[in-house]
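Protein sequences appear in the order of chains X and H.
Under my numbering, think of the first position of the first sequence as 1, with each following residue one higher.
Under my numbering, think of the first position of the second sequence as 1, with each following residue one higher.
By construction, these hints were calculated from the structure, which means they are not laboratory data.
Some clues are possibly wrong.
[Said to hold, decoys possible] Here are the simulated DSBU-like pairs of lysine-lysine, each with C-alpha atoms no more than 35 Å apart in a straight line:
no.	chain 1	residue 1	chain 2	residue 2
1	X	Lys287	H	Lys275
2	H	Lys275	X	Lys296
3	X	Lys97	X	Lys169
4	X	Lys223	X	Lys117
5	H	Lys178	X	Lys169
6	X	Lys287	X	Lys354
7	X	Lys252	H	Lys61
8	X	Lys143	X	Lys169
9	X	Lys223	H	Lys61
10	X	Lys117	X	Lys252
11	X	Lys252	X	Lys165
12	X	Lys60	X	Lys252
13	H	Lys275	X	Lys198
14	H	Lys275	X	Lys393
15	X	Lys169	X	Lys287
16	X	Lys189	H	Lys61
17	X	Lys336	X	Lys354
18	X	Lys270	H	Lys275
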Amino acid sequence: MKIDRRQFIKSAAAVTTVAALPGAPFIRSAAAADTIKVGILHSLSGTIAIAEAAIVDAEKMAIDEINAAGGVMGRKIEPILEDGASDWPTFAEKARKLIQKDKVAAVFGCYTSASRKAVLPVFEQNNGLLYYPTYYEGQEQSKNVIYTAQEATQSVIAAVEWLAKNKGKTFFLVGSDYIYPRTCNKIAKPTIARVGGKTLGEEYAPLGHTEFSSIINKIKAAKPDCIYSTVVGGSNVAFFKQLKAAGLSGDKQTLLSTVVSENEIDGIGKENAVGYYACMGYFQSQKNPANEKFVKAIKAKYGQDRVVGDPMECGYTGVYFWKLAVEKAKSFDVEKVVAASSNLPLSAPEGDIKLHASNHHTWKHARIGRARADGQFDIVYESGLIEPNPFPKL
Amino acid sequence: MSVDIAVMQVFSGISLFTILVLMALGLAIIFGLMGVINMAHGELMALGAYVTYLTAHVFEKFMPSFMGVYLFFAIAFSFIVTFAFGWILERGFIRFLYNRPLDTMLATWGLSLVLQQTYRSVFGAQEVSVPMASWLEGAWEPVAGIQLPLNRLFIVGLTAIVAVVLYLALFKTRWGLKTRAVTQNRTMSGAAGINTDRVDATTFAVGSGLAGIAGSVFTMVGSTNPLTGQLYIVDSFIVVVFGGVQTLLGTFLSALVISQAQTTLEFILSGSMAKVTILLLVVAVLYFRPNGLFSSKIRQ
Chain X
1 MKIDRRQFIK SAAAVTTVAA LPGAPFIRSA AAADTIKVGI LHSLSGTIAI
51 AEAAIVDAEK MAIDEINAAG GVMGRKIEPI LEDGASDWPT FAEKARKLIQ
101 KDKVAAVFGC YTSASRKAVL PVFEQNNGLL YYPTYYEGQE QSKNVIYTAQ
151 EATQSVIAAV EWLAKNKGKT FFLVGSDYIY PRTCNKIAKP TIARVGGKTL
201 GEEYAPLGHT EFSSIINKIK AAKPDCIYST VVGGSNVAFF KQLKAAGLSG
251 DKQTLLSTVV SENEIDGIGK ENAVGYYACM GYFQSQKNPA NEKFVKAIKA
301 KYGQDRVVGD PMECGYTGVY FWKLAVEKAK SFDVEKVVAA SSNLPLSAPE
351 GDIKLHASNH HTWKHARIGR ARADGQFDIV YESGLIEPNP FPKL
Chain H
1 MSVDIAVMQV FSGISLFTIL VLMALGLAII FGLMGVINMA HGELMALGAY
51 VTYLTAHVFE KFMPSFMGVY LFFAIAFSFI VTFAFGWILE RGFIRFLYNR
101 PLDTMLATWG LSLVLQQTYR SVFGAQEVSV PMASWLEGAW EPVAGIQLPL
151 NRLFIVGLTA IVAVVLYLAL FKTRWGLKTR AVTQNRTMSG AAGINTDRVD
201 ATTFAVGSGL AGIAGSVFTM VGSTNPLTGQ LYIVDSFIVV VFGGVQTLLG
251 TFLSALVISQ AQTTLEFILS GSMAKVTILL LVVAVLYFRP NGLFSSKIRQ
């Protein structure tokens, strides 16, 4: 087909006009101040992806809910999703991009302590704001981070006290060999002594260890009333399977873990975890209207067979904490939002919780659940609100 | 330490010994015969584990009454699948890299990454749980106080069978004769009319198949996720290198030394310190005997 110059200009002009017409209002709306950007920074690929992908789902759902209800101060939230790829330098780089280039008002993200430590200087230097959704070992407090999950003392002390009162006073501590289990046990040991109990043994297995027979023999030799476990990851599967094979299943031996949520039970195998206890801030089986609504919404959005664990709920509440703080401060400015966060209360799926007056952590309940055959937990104990204490005197 | 615990501790050592042997045998054969350092060996174990997982699910769904014996089928399927995969791998990939040890190492390492990501895409990054046959649950209690886990007894028995079959295959069959001939002198064997290409392919496939069996039975004691292979590969290499490549007897003895040292040290010290001590021991031995504990004497 031959096109002469005049015809070409005519058609080109028509195309441009058509393209510009619907485009124009779109461009204006994006440029106008009726959306506010936030970042979501988790691993969507790599080894930690599965744990973090579930948190992303919960955070996105919170944002969608807030947008459907009119947004924050009349502005819709526009989430920008970045992949930390289970790699700590990538986390830092993406955090810098979110704060400097996208100029996000807040970031919801990180899962492992290593990734949080990697982004911490970025948030502090650029005055960003991070909401961190995972239970962790404490020993940290930053003016630029809000911690919405339990720090170690909030679960360990409650768990040890409950075990000593209900299950017996001799303890055996088993953990993977890194900072979280070692800190938890540092908190557990004086607590055990305080309640009149005795620590019969303390064992650490290298991360990824799959051979627990010697440790199990040591447990058998010590005959503790309770095993307190902070074994994580694939090791947990091996540990639970081998305990069961050695005759220390949940109906014969009390074992409590502070790192096994509903999400982990899936991989451990429901039949291997039955009867063991977990201490968490949140369980999917909690009965209250807010939680029932939350679980229903997750299942409706992401599939009926999805389970909800503690970090997902903490990611979800983090978004709401930010919304409330912004509305209280009437500003998106980080300093003002942080100031407004002091003592901020929230009705979350896990119940009524509030942020601490000064240490950026969250007042939370400790709950102890016993694993059922269907992978859910029967809640056997619930504490009152526990004050976060990231720097306990040990 | 009471007698009960001592007995169970000795059994732990035997159990770990059989696990290490099962892990390392396939690697030792491939390493010993072809000098190929197969970094993807762990991922072949993971393949066996995933085949077991799939078999379990098929049985659960279509013939739940046969769940008790699914493991035997799973072990057979794992062997067949990894054997076939190993064959294809050797023919389509490894054989182009012979006599280039560094390239083989890099290439098989790349392959292991590809396989890991494939497992992650197909099965998800999270652990999958492989159900255990009910008759393997619990423990055998010969005397009160001594419990020997049934699944570990099963692994001990299976390893014994695998070892005997492998011994017979290597020393009593024509294939074994050819394989040993090629191991000792590739050029001369070729000149004597042995099809070394075919021996290579079969041997690589058998080594892979052994990895599949190992992966299959490890679902009973360990975890199954895309990175499972990484948990085993280091131990496998340590056993093979420590024992001295090219001797299967060395592999057995080195597995024995390492397993007994590890379980004993784990009991006396802690898990991490046991590992550290073992690694130091390996370093020291390799310093004085660079070819491993039991290297066969060949004129270079």
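Going down the list of hints, with the structure as the test:
With a C-alpha separation of about 46 Å, the suggested pairing of lysine 287 (chain X) with lysine 275 (chain H) is violated against the 35 Å cut-off. Only pairs whose Cα atoms come within 35 Å are accepted, and lysine 275 (chain H) paired with lysine 296 (chain X) is rejected, the gap being roughly 47 Å. A distance of roughly 51 Å separates the Cα atoms of lysine 97 (chain X) and lysine 169 (chain X); the hinted pair therefore is violated under the 35 Å criterion. Straight-line distance between C-alpha atoms of lysine 223 (chain X) and lysine 117 (chain X) comes to about 39 Å, which puts the hinted pair past the 35 Å bound.
Restraint check for lysine 178 (chain H) and lysine 169 (chain X): the C-alpha separation of about 65 Å exceeds 35 Å, so the hint is violated. Proposed proximity of lysine 287 (chain X) and lysine 354 (chain X) is supported: the alpha carbons are some 20 Å apart, at most 35 Å. For the given pair, lysine 252 (chain X) sits about 31 Å from lysine 61 (chain H) by alpha-carbon distance, which is consistent with the 35 Å threshold. Of the pairs offered as hints, the one joining lysine 143 (chain X) and lysine 169 (chain X) is violated, with about 39 Å between alpha carbons and a cut-off of 35 Å exceeded.
For the suggested pair lysine 223 (chain X) and lysine 61 (chain H), the alpha carbons sit about 40 Å apart, so the restraint of at most 35 Å is broken. Using a Cα cut-off of 35 Å, the hinted pair lysine 117 (chain X) and lysine 252 (chain X) is violated, with the two alpha carbons roughly 40 Å apart. Distance check on the hinted pair: lysine 252 (chain X) and lysine 165 (chain X) sit about 18 Å apart at the alpha-carbon level, within 35 Å; holds. Distance hint between lysine 60 (chain X) and lysine 252 (chain X) is unfulfilled; the C-alpha atoms sit about 42 Å from each other, more than 35 Å.
Taking the CA atoms of lysine 275 (chain H) and lysine 198 (chain X), the gap is about 28 Å. The hint holds against a cut of 35 Å. Of the pairs offered as hints, the one joining lysine 275 (chain H) and lysine 393 (chain X) holds, with about 32 Å between alpha carbons and a cut-off of 35 Å not exceeded. Annotation: proposed proximity of lysine 169 (chain X) to lysine 287 (chain X) holds, straight-line Cα distance about 31 Å (limit 35 Å). For the hint linking lysine 189 (chain X) to lysine 61 (chain H), the alpha-carbon distance of about 47 Å lies beyond 35 Å, and the restraint is violated.
Between lysine 336 (chain X) and lysine 354 (chain X) the alpha-carbon distance is near 18 Å, which keeps this suggested pair within the 35 Å criterion. Taken as a hint, the lysine 270 (chain X) and lysine 275 (chain H) pair is honoured in the structure, with Cα atoms around 31 Å apart against an allowance of 35 Å.
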